[in-house]
Amino acid sequence: MLDITLFRTARGGNPDIVRDSQKRRYADVGLVDRVIELDATWREANHDLERKKTDFNALNKEIGKLRKAKQDTADLQEKSKKSKTAIVEGEEKVKALAAARDKALSAFGNLVPDSVPVSNDEADNEVVKTWGSPREEDGLRNHVDLVQMLDIADLENGSAVAGARGYYLRREGVLLNLAIIQCALHHAVQQGGCMPVMTPFFMRREIMGECAQLDDFDEQLYTVSGEGEDKYLIATSEQPLCAMHRHQWFEASQLPLKFAGYSTCFRKEAGSHGRDTLGIFRVHQFEKVEQFYVTSPYDNASWKALDEMLATAESFYQLLGLPYQVVNIVSGELNNAAAKKYDLEAWFPASKTFRELVSCSNCTDYQARRLEVRLRTPKMAGVEPEKAYVHMLNATLTATERTLCCLLENYQTPEGLRIPEALQPFMASKETFIPFRKRLEKNGKFVNIDA
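Numbering follows my numbering, with no gaps: position 152 of the sequence shown is 175.
Please note that the accuracy of each hint is not assured.
What the hints assert, rightly or not - Taking CB as the label site, the calculated pair distances span:
1. Arg66 - Gly251: 15 to 23 angstroms
2. Val220 - Thr246: 20 to 28 angstroms
3. Ala451 - Leu54: 32 to 40 angstroms
4. Thr455 - Glu274: 42 to 50 angstroms
FYI, nobody ran anything at the bench for these hints, they're computed from the structure.
Remember, it's a predicted structure, so these values are computed and weren't measured experimentally.
Idealized CB from N, CA, C, for every residue including glycine.
The whole structure should be built from the sequences, with the hints applied where relevant.
Structural data, given as structure tokens:
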């Protein structure tokens, strides 16, 4: 969430900065004045509460003096009782006003820097880099057909057992998926200097609310019941990695922290009906390796880290030999937490298009404020140390089923699938090639080649 002092001109804040960012996000600019109004009401109520507490303490001191002097205090005690009641009511009022203000404040997205292209149309995403030579020949199979021709996924039984977009990976499909995970983790450790972490797969509602946009919960997240409270299945290991540091203080010497989170992820994809519903590209359950950094807020440390994380992702897809482009996402398409986001889009030759495999975001201090993850700053002579919040960044390294789909299209041959050289050491039997086991008939049915 944003720093409330940005809205307080008397404290050196500048609400116009927030208004400009809201315009860039194509979001409600009027909400700025609403927060200013709510904050002013809260500050007035809080000031009144503090005055009542001061008067209450002074009254009780007076009662104490009179008691020592053995004088009657009945009237003052009655006044003290009423004062205490007023304080309790005032505390409840202040708490409610703070909650209303903070709820309005949570609707704001992160501040958008000048380096983000301003548009509300993803067609205006800025291509900043391309790599590799895309396959352009006609007649290539798409990943939906290839998983069935190779017989490495059972989609029919998967959907029957798990529902829409359910699937079983099998044979070399399992081995390829695990090889991608292993290769990605090795790359994150060796190339990116990350600590590997296998995270919890579900989180308490209260904690998830500190890490993710609440309005996304019902649309994107699954719940599990038990032990007296519902929990949310994670959509990315970024969420538990954020929460791992809640309410912590860091010394400057401890930063940056670099993690490679591995987890199974679960998403409803409720808003994507009709999009990529075939095959295993957009599914409800998948594996993911995620880069997650915690940096100092000073000296452009997080912006340097953003470039580093993107470079690690790029070198991974270069290792796999997958052509790609990197795009700078337009302001209107940024999620609330991200100040800036790059997507790495890899080439899918069957559809002759680039498709997202990686999202790399600098969330600056937006998540850290809600989670209370802070940096200790040196105490100057006679001056209290500044309360600084760390910066947090996240970047996909691989969502394995998507990466597998891209590999299938780029490494297909008329006879089957070549295994990328980088993955061969991680295959159980060091396979280099998987032959087709089925062919697609004109009636749309897949039949065994030996039949």
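What are the numbers of the hints that this structure violates, sorted from low to high?
As far as the earlier hints go, 1, 3 are violated by this structure, in ascending order.
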